[in-house]
Every structure is written in structure tokens, then in C-alpha cells.
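Mind docking chain B on chain A? Use the hints.
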Amino acid sequence: MNPAGFLAELFAYPFMVNAFQAGTIVAVAAGAIGWFMVQRRQSFAGHTLAVIGFPGAAGATLLGLSPAVGYFVACIGGALVIAALPATGRAGGELGGASEESAAIGTVQAFALACGFLFVSLYKGFLGGLNNLLFGTITGVTTGQVALLAVAGLVSLAALASIARPLLFSSIDPAIAGSRGVPVRAVSAAFLVLLGVAAAGTSQVTGSLLVFSLLVAPAATATRLTARPVLGIALSVVIALAATWAGEAIAYFSPYPIGFWVASLAFAAFVAATAWQAAREHHGRRRARPNAGVWA
Amino acid sequence: MTGIAAFGTGGWILSEPFMQNAFIAGTAVALLAGLVGHFVVLRGQVFAGDALSHVAYTGALAALAAGLDLRLGLFTATIGIGFALGLFGGRGASDDVVIGTTFAWILGLGVFFLSIYTTRSSTSDSTANVKVLFGSILGISSAAAQSETWTAAGLILVLLAIARPLLFASLDPAGASARGIPVRFLGPFFLALLGATAATASQLVGALLVFGLLAAPPAAARKLTDRPWTAFWLSGALAVAAVWAGLALAYWVPTLPSSFTITGAASLEYATAATASWILARRARIPASPDSSNPETRQGARATAGSRHR
Numbered sequence: 001m002n003p004a005g006f007l008a009e010l011f012a013y014p015f016m017v018n019a020f021q022a023g024t025i026v027a028v029a030a031g032a033i034g035w036f037m038v039q040r041r042q043s044f045a046g047h048t049l050a051v052i053g054f055p056g057a058a059g060a061t062l063l064g065l066s067p068a069v070g071y072f073v074a075c076i077g078g079a080l081v082i083a084a085l086p087a088t089g090r091a092g093g094e095l096g097g098a099s100e101e102s103a104a105i106g107t108v109q110a111f112a113l114a115c116g117f118l119f120v121s122l123y124k125g126f127l128g129g130l131n132n133l134l135f136g137t138i139t140g141v142t143t144g145q146v147a148l149l150a151v152a153g154l155v156s157l158a159a160l161a162s163i164a165r166p167l168l169f170s171s172i173d174p175a176i177a178g179s180r181g182v183p184v185r186a187v188s189a190a191f192l193v194l195l196g197v198a199a200a201g202t203s204q205v206t207g208s209l210l211v212f213s214l215l216v217a218p219a220a221t222a223t224r225l226t227a228r229p230v231l232g233i234a235l236s237v238v239i240a241l242a243a244t245w246a247g248e249a250i251a252y253f254s255p256y257p258i259g260f261w262v263a264s265l266a267f268a269a270f271v272a273a274t275a276w277q278a279a280r281e282h283h284g285r286r287r288a289r290p291n292a293g294v295w296a
Numbered sequence: 001m002t003g004i005a006a007f008g009t010g011g012w013i014l015s016e017p018f019m020q021n022a023f024i025a026g027t028a029v030a031l032l033a034g035l036v037g038h039f040v041v042l043r044g045q046v047f048a049g050d051a052l053s054h055v056a057y058t059g060a061l062a063a064l065a066a067g068l069d070l071r072l073g074l075f076t077a078t079i080g081i082g083f084a085l086g087l088f089g090g091r092g093a094s095d096d097v098v099i100g101t102t103f104a105w106i107l108g109l110g111v112f113f114l115s116i117y118t119t120r121s122s123t124s125d126s127t128a129n130v131k132v133l134f135g136s137i138l139g140i141s142s143a144a145a146q147s148e149t150w151t152a153a154g155l156i157l158v159l160l161a162i163a164r165p166l167l168f169a170s171l172d173p174a175g176a177s178a179r180g181i182p183v184r185f186l187g188p189f190f191l192a193l194l195g196a197t198a199a200t201a202s203q204l205v206g207a208l209l210v211f212g213l214l215a216a217p218p219a220a221a222r223k224l225t226d227r228p229w230t231a232f233w234l235s236g237a238l239a240v241a242a243v244w245a246g247l248a249l250a251y252w253v254p255t256l257p258s259s260f261t262i263t264g265a266a267s268l269e270y271a272t273a274a275t276a277s278w279i280l281a282r283r284a285r286i287p288a289s290p291d292s293s294n295p296e297t298r299q300g301a302r303a304t305a306g307s308r309h310r
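First to last, the sequence lines map onto chains A and B. Going left to right, the first sequence walks through residues 1 to 296 as this note's numbering numbers them. Going left to right, the second sequence walks through residues 1 to 310 as this note's numbering numbers them.
Bear in mind the hints are in silico, worked out from the structure with no lab data behind them. Treat the hints with care, as some may be off.
[Unchecked claim] Among the chain B residues that face chain A by a calculated CB cut under 8 Å, a handful are:
hint	residue
1	41
2	105
3	179
4	209
Heads up, the beta-carbon is just placed ideally off N, CA and C, and yes, glycines get one too.
So here's chain A without its partners, still in its complex pose (with noise of 0.2 Å):
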């Protein structure tokens, strides 16, 4: 098959077409903000958002309404109550805090899963609709919905671009950073919303449980392969990019989910910058060995 035919093939139907749109809007944001949450190590509660997404969109579809609209209320409400809660939380201080923080997040977690689980059996044969909800589709992707993702995308990177400074210099050094006068809690409960917001969008592409794929894999592929601020950024959009373009591509041809495909490629792409990393290190410490202490 050419190119051109390929291609025509593909953007033959307006559904693919919102498709991509849709993905690209997503990749950009999850790729920018999820770079930032490598960083702050805040995966597990990207992840615990996106999860809330869920019972937000069944709920959504419950009352009637866009199952859009639940993902964003109920990811970004719960981006504030997480910024709510570590005040409490890191008052145990030490070493336990930690854990028991992450265990209330997963409680947090196996809740809001519950609940969406309630929200799809009160509404009766909504049964097909659980596995979009959870594992994404690329067919019901509306032109609305991608208006709307696109302001939303458009309005977080712009928020994310005037606190990346202080939010960068924060998420290295929190205790610097408040003596310096930066805001840090108020940077960081900013930063949550902004996560909820990707992790909302990236759930109507990959779906709730797979918004890892998006939002994690291709920020953490770019950290392997750079310790540069901006060209760690660009990397991880890029990633995303491509992942879900290609994902789509192929999901639109082949008879398995785009998740699966979408997972499958940025996977692939952490493991290769996995197995760079460890061969460049490798010989890296064989050559540097005289002067070890410098790279040390």
C-alpha cells in the first residue's frame, strides 16, 4: 500500500479524524504534565486519578450527560481533595508516612472504582459501554469532545508553562524552594489540578486503567534518556506522539483495542530507553573508571 492511499484510508471516516485530533490534543498534555509528575514521583496519584475518572463518567452517563463532562469533574475534584490531604498525612512524618499515605490513596482508588462499578449496574445494559469507560475506544470520540479537550488541553498547558519554573524548582528541592519564597504548597496543589485535567483527557482516548500508558511510560522513556528540563519535555511529547498515532494507525486496522496498542508502544519505548540507559552506563563506568569520583 502507498503512503498517500494509507493515509486517505485512514482519514476516510470523520470518526478517525476526531480520533487523532482527540489523541493529539492528549499526547501533548499528558506527555508536557506527565514529565513533571515523573519528576515529583506523583504517579501513583495520576494513576488514583484517572481511576476516579471512572465513576465520574459512569455517573455522568447514569444522569445522562457526556460521559466528558464526568471525567473532568470527578478528576479534577479529586486533584483537590489530594491536594487537601497531605497536611494530615505528612504530620505522621517519617518513614511510615509514606506508606500508610499510598495506602490511603489506594483505599481512595478501590473506592471510586467501586462506585463506578455501582453507576454501570444501576444503569442496566450499559455492560459494553464498562469496557470503553475503562479500556478506551477510538470510535466515540465526538467533534464536541474534542473542542473540549482541546480548550482544556490548550488551558493547562498554558497554566503548566507559568508555574514550571517554580513547580520545577519545587519538585527538586521542596525545602529550597520554600526558603527562597516559592509558594510550594500552593504550586503544588496547582500542579494536582493540572494532573487531574491530563489524566481526565487521557482517559477518553486510553480509557481509565491504561492512562499510565500516556501519562507515565513516555515521560519516564524521556527521563532515562535525558536529565535536561526541556528537552526531556519535548522527548516525552514526542513519545506520546507517536504512540498514539501509531496506536490508532494500527488499532484501526487490526481487531484489537486501541489500548492494547497504545500500552504496547510506549512500553516498548521504555524498555529500549531502559536498555540504553543500562548499556550507556555500563560503558560509561568501564571508561570512566580512573576518575570515578567525578561521575560518581
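Same frame as chain A, now just chain B:
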């Protein structure tokens, strides 16, 4: 409504065979999940527990797609990947990106098996996916309930056998290995046990909701007591209580799915315990008088006085 009618006809919850099955299997599995969950929270492996419960989904659907018994795939996948996670994954929080990325892909693989399963066999059970994801404790046969109960009992015995060294190794890995405890082996072994627990529990409450029983009761128990063994047994008791309360509620209000009521009860336990401990901590902080009746505070004061003496 039907629940009230059942009461009227002289029946009570346990007179129905499917409720007996659910109660017996549910009790055993909840006790297992609560006890294992205590160590999961203690060792900071909540994230790994989440990952393994997702592996359960893929394992089950892979077996269905291959036309095998669901349990075969379930246990092979969770035990194998749990052991591998313990060997290669390390313990640090820095690894959560690795775990997260891997399990996102594994879930994607599950969807792949799901579509093979649903497209290949037209006679396939269309609710199988929902059952694997969200469980069906009220729908299990008495044979399945028996095998669940025996599996859970066996796993509890294994856990009790390693509980003492495991606690030591969790609290003080260096000290434990100095005393000759095989810490490096215990970690992977525990994760394999956690995988088996996730597989067992996922048949009752579903792969996605296993976490409610694995994280909420131990987290609640830790809010209520600082002593590890008290928290251990309390966590098991709270998990069992959550299953009982959930089953009773699902029986009386049939529109509510049992997986929702069980997870809801466990979450409520945690919310209550967290609120209670927060209120107690606030009360203890405000007076801040040295003549506190709390024996722990007094002990602490004595200890600091003693150390100052020295």
C-alpha cells in the same frame, strides 16, 4: 425489599445456600487479605499489591482466551510476576515508575486477551470480563467456595509460618540478615504470596477491587494501634467484618452489587479509623500537659528523662 420478605418467611441470611457459600469463602479470603495486607502496608508495597491485582486480570483472561481454566492463568501469572517483582523490582519508592509502566502494559495485554476471547468463541460468557474485573461473590458455586476456602486457609498457614521473620525483616532488614534470616529470599517469597492472595481474592471481589480488602483494613488497623501484632490480627478482623457487613447489605438491598458494598464497608472502616485517630491526636496535642494519663506518653517522658540522666 426481597430481603425483608425473606425475613418474613422465616429465612435469614444464611438459610440460602449461595449466601452460605459467600460467607464461608468470603470469611476465609478476607482473613487472608487482611493479614497479608498488614505486611503490604508495613513494607510499603501497596503499589506492588495494586500491580499484582491488575496482573490477576490479565492472567485470568489469558487463560480464558486459551480455553483453559481461569484459575490456572490467575495463579500462574500472579505468583510468577510477584516473585519476579521481588527479585528484580527492588523496594524503593523510586521504582514505582517501573512498576506502573509495566502494569499499564500488562493491563493492555489483558484487553488484548479479552478481545481474542470475545471474538474467537461466540459461545463465550459475555459477562466473564465483568466477573473478572468486579467479582461475583454471590454467584460462586459451592465447589468453588470450597476450593477458595481451602486455598485461603493454606495461604494463611504459609503466612503465619513466615510471619515472625517477615516482621523482623520488614522492620529491620539489616538486623534480620545479621541474625541469619534469609531476607533476600523472603522479599520475593512474600510478593509471590501476595500474588496468590490477589488471585484468590479477585475471584470474589474482582481484580480491580482486591485492593479494597488488601489496603483499607490494614491501614485502618494501623491508625488504631502502634503494636505490630495487634495491628496484624486487627487488620484480619476488620477485613472479615467488612465482608460480613458488605454481604448483609448486598442481601438486604439487592440493587447494590456485593463488590461495591464490601469495598464500601472497608473504605468506611478506614475513614472512621482515620477520623478517630485524627481527633484523638488533636485532643492529645491541645492540653499538652505532662500529667497525661496516656501510658505511652508517660513512658516516653520517662525514657527521655532517663536518657538525660545518663
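Status of each hint after checking the structure:
no.	hint	verdict
1	41	holds (5 Å)
2	105	holds (4 Å)
3	179	violated (21 Å)
4	209	holds (5 Å)
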